[in-house]
Amino acid sequence: MWPPPSSSAPAGTRTCSAGAGFWRTRSWGQPYLQAPAGAELWVWFQDTVSDVDKAWNDLSNILSGIFCASLNFIDSTNTIIPTASFKPLGLVNVTDHRFLRYAILPREVVCTENLTPWKKLLPCSSKAGLAVLLKAERLFHSSYHSQAVHIRPICRDKSCLSLSWELRQILTVVFDSFASAQGKKDWSFLKIFSRTLTEACPLASQSKVYVDISSKTEEQELLDVSPAPLSVYEASVQGDRRTYAVYDLLNPALFNTSRNLNVLLKWKRPQDNLGLAVPVLHAQRYVSGYGLQTGEISTLVYNTHPYRAFPVLLLETVPWYLRLYIHTLTIITKGKENKPSYIHYQPAQDRKRPHLLEMLIQLPANSVTKINIQFERALLKWTEYTPDPNHGFYVSPSVLSALVPSTIAIKEEDEEIKPLFASLFPSFDGSSYFVRLYTEPLLVNLPTPDFSMPYNVICLTCTVVAVCYGSFYNLLTRTFHVEEPKRGGLAKRLANIIRKMRGVPPL
Amino acid sequence: PPPRAGRPEGGREGRGPVLRWPFAAGQIYWAKDIIFLANEHDLIGMEAWLEAYHDVNVTGTQSSGTFGRAGAIQAALSLELSSDVITSFDVAVEGLNGQLPNLDLVNLFYSFCQKNGVLCTIQGKLQRSDWDSLPAYLHSLQTLLLMVLKQGSGHPQGDHGLFLRYHIEAITIRGINSFRQYKFDMGVMGVTLEGIFRKLNNLLERLHQSYFFYLLPSLSRFVSIGLYMPAFGFLILVLVLKALELWMKLSSFDREGSPLCDGDQVLNPATMEEPRPSLLTLVPPLLVCHATGLALYFVPVWGQRVATEHFPVSESEAVVLTSIAIYVAGLALPHNTHRALMGSGSDRGWRMLKLLALLYLAMQLSCVALINFSLGFLLTVTMVPVAAIVQPTGPRYLYAGLLLLVTPAVTLLFCIFLYQELMEYPISLLEGWQRFLQAIAEGLLDHYLYGSIVFPFVAIFVYPCWLLLWNVLFWK
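Protein chains in written order, with this note's numbering: chain C, 233 to 739; chain L, 16 to 491.
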């Protein structure tokens, strides 16, 4: 199934994710675990690995085979070594970033052929348990889809004497039921997945469905969820208090009334303005300017926290064919220049490696920080263009990592009792939580030649060469001499025969 | 599919209807974002939004910035609807500085109109069904001329015209509600537009396969750059040949003037003393003419405030009247420049000046024809014949009259009358004069608001060149 990491693969922790669509933070709120648009892979190798680049190359090829994804396109032109943005997950004591490799392929999209191998990693595949809901044709009939695999070493038990490898599979889907159901926001499992749950996977030790029923206004319940949940769980998730209705599939009481579980959520009254709270940290990125020579990458980072400032780590990878002018880098917050406290820049090398820019920027409370950097578009060699060059070229999303201060007091989750929430949404000192965000990928046009031109040129050149060369060659190699007509026409020959018979000399 | 490209839609008058259209919102087949935009203040609003979206400042417009973004925009449709029923759609393609959208976008619009049975026109002219008859050819010629006049003006013929600078293919679609009996309702319009949108939605690449340089005699036929450029080249050739003739005459002068030099190639001191005008003598007329051109470009706007303080005119009138005054004052120049001329009085002097003027004109016209063909064509057709024949000998007053007739300002006046004639709405002389003043004001405004190049091009290049020819004519 999965290559045992301790023996064959030398990877310490690895994360691989792929997404289709883009998470709209302003309208969908904070993503739980965001995956960037495109495919992302990052690996911390164990310090016993001698040739990291080769191991990285092998690993990306193996993963490419396992997930049917084009991860084999990862090479030195899109691999970077971030110095600060990523930390090893789990129980590893490698902190030397030379053992880290990170790559994003912004053009890769996830589709059914990636979902099938992903589902096969599940203990019951999609035969039983929660995974029966994952029907490809429904999952991809959605506004957003991403899937991820994280592998990390963890303690096997409380005493932590031996290691276990944890494989975590994450699937995020956004269904826009408002649009597809003519303005009704009610949903059910049957409507979304066209399936219901009947049983837990026999191999599972836990199999639970959490439905977020938290309401903004405390006084009245807006949602009606059926069947009535057997237990309700309250948690603080990403600086927000959430209430979840919990359906434990291992609890036989759940299937007392009906043989299958079809969670149905109804709005008690029509909600016209369901404004999700704007997340504390969000970002927007775009290319400004016009024309095909220069341009500017602008990133807007928002801190909507009313009174707390916090630092954010920004990781920017730009392909080599956009030549960044690092001296034009400006960071402006509230009209004033904001000097980053840490900056790491590695310039690109043509056709070898991308630009890498990592910065630690302090975001004042309730502010917008604008980061600008100008670039020049390079001219590619004509074989380097993609088959559809007029589509544009992608610039991978930039990564923002931050410890965001929470507006509410976070209740520390006990890892023993609630392992899922504690590991998914860890909090630090009860006052802040970790967020990793990805901005939009950018689509940039490069100066593109008219590709019918080489064809025309080839045709024209060949014709000219054929005509000129052919006739010149003829002229140069042939020898010309005056040739006497040896034999005449048919009449002459006939005449000669007759003359011969008559004994007269031929003509 | 991460191409976060959308199509904004500038609805100038159609705010209500746009929102009601049965766009299948939330359907998952929309692979790209769609931006709906209702703008105010006409083109200025559009320009402000575009500049804010692209985070640039081309024209000095201040805007508060934009919130929603959807990446690189692939195509835009600008809708202008004044009623909820229409009889036909009219399409406008000419943009700022005569830029045109890719022909495929026009074809897309035309094919969807045909598919849904909606009448569609270009330049307000319906296509005739009989192709080979003489009236049909004349009809197409009218449509073509209208396009040439509109494109040559450099004025965007709709909100779409400002998108083209940002490499966004765009057309303006106007709903026309005429007296025709059969009308189409919002449903048909919506189906047509949604069809166009879905086609654009399916595009993987930007529109690039078809022509960017063309002229449209009707919606289903076009004249490509490969056809009209050679014709234009032949017109320019007239200037080059004439210049060649002058060059040969000048060199024959050289031979007659210094016969002694021919044999031994040694400069005789006697020939050195002959008054041979050098190229330096051409510098004063060149400088004076260009200074007049620069004055025409800068003074009207600088002097705007002074003029409004001292005369009872509005600001725009002040600018227009000042520019006309400078323009006309330039005509009096030759009588003064002569005093500064050293080598005047000889045939050689005017021939050299004319040679220079012809080559200068040929270069200008061929350059502008690459940017805005129609502008180049209009100037070429009028100026080239007269520029070729003008000389200080012979029927001088006839030449002067002809030269005055082809000065860019008179060409503009003539174009206004021609345009009105083609629109089948003839105007009187007085009205024409008012339109003329209005057109000058618009030309200046287009330059300062959107960066149109027509006014600076005429003021800084064509007008000084014409003044050079005027100098040739009044050579003493």
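By construction, these hints were calculated from the structure, which means they are not laboratory data. All C-beta atoms in this analysis are idealised placements derived from N, C-alpha and C, irrespective of residue type, glycine included. Among the hints, erroneous ones may be present.
[Unchecked claim] So, partial list: chain C residues that the calculated Cβ filter (under 8 Å) puts toward chain L: (1) Glu-369; (2) His-373; (3) Gln-516; (4) Tyr-518; (5) Ser-520; (6) Gly-521; (7) Asn-622; (8) Glu-672.
Now the hints, each set against the structure:
1. The interface hint given for C:Glu-369 is violated, since its Cβ lies 12 Å from the closest Cβ of chain L, which is over the 8 Å cut-off.
2. Because the beta carbon of C:His-373 sits about 6 Å from the nearest beta carbon in chain L, less than 8 Å, this interface hint is met.
3. The interface hint given for C:Gln-516 holds, since its Cβ lies 6 Å from the closest Cβ of chain L, which is under the 8 Å cut-off.
4. The interface hint given for C:Tyr-518 holds, since its Cβ lies 5 Å from the closest Cβ of chain L, which is under the 8 Å cut-off.
5. With 8 Å as the threshold, the beta carbon of C:Ser-520 comes within range of chain L, its nearest partner Cβ sitting at about 3 Å, so the hint holds.
6. A distance limit of 8 Å between C-beta atoms decides the matter here; for C:Gly-521 the minimum to chain L is near 6 Å, and the interface restraint holds.
7. For C:Asn-622, the suggested interface contact is upheld, since its CB lies about 4 Å from the closest CB of chain L, less than 8 Å.
8. Among the interface hints, the one on C:Glu-672 holds; its C-beta lies about 6 Å from the nearest C-beta in chain L, closer than the 8 Å criterion.
Consistency with the previously given hints fails for number 1 only.
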